[in-house]
Each structure stands twice: as structure tokens, then as C-alpha cells.
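Participant: Sequence:
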Amino acid sequence: MKKKLALLMTVIMIVLCFTGCKAKYADSEYLGTWKATTAQASGVDLSVDSLFDSLVLTLDESGEAALDVNGEVSKGEWEETEKGFTVDGELEFTVDGSAATVEYEGMTITFEH
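Sequential numbering from 986 applies to the sequence shown in the working numbering.
Note that these hints are calculated values from the structure, not bench results. All the pointers check out, no bait thrown in.
Straight-line C-alpha distance at most 20 angstroms; calculated PhoX-like pairs for lysine-lysine: (1) 1068 x 1009; (2) 1020 x 1068; (3) 1009 x 1060; (4) 1020 x 1060.
Generate coordinates for the entire structure from the input sequences, incorporating the hints supplied.
Facilitator: Next comes the structure, spelled out in C-alpha cells:
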């Protein structure tokens, strides 16, 4: 009887993890693909297309983030904040409508959703 109860509890925990753990941000407005559109450094507007072949951030419901820079993909974790979201607790994105801006190495980069 104890073995059956332990097995049942294990199965329940696995099911809860797959249904609850995977969908950390199932209803988040930030889910999906964010493509860099503009950049600014020292007050000068820069063309993202002239700086990068591709600069795309993807946020999924499990809390995983994938940043594609010129075909090289880096993965990390993202979390919602009061003003938008963070990636790996370091990059703070401020969201205004369908645009998210981030400060990085003296540049302000705007991503569109």
C-alpha cells in the first residue's frame, strides 16, 4: 500500500510540474518574438540593419529567453517586472505598447513585438 501511495504521489508531482512549471508565463503579453528596429548611441540614431544581420529576442512561456545575434543564439531566463521584463536579471527592458527598450553598452536599443 505504501509503495502504491508513493508511486501515486510521484506521478501527481510529475504531472503538476509538466502542467504548472512549463507555463510560468502562459498569459504574459511579452511572449513571442521581439525584433530590434532602432538603436541610439550618444544621441545619434543608428540603423540596426547596418549593425547586425539579425538581432531578435524570443520569450517563451516557460521563462526561457533566446537572443539571436547574427545567427548565434544565446539562451537565458526572463522574468516580468513592473515596467516590462528582464533577461538573466541583467538586461532590463522597459515596455511601452509594442516597443521594448534596453540600455546596453552605451546604446539604447528598441525592439518591436
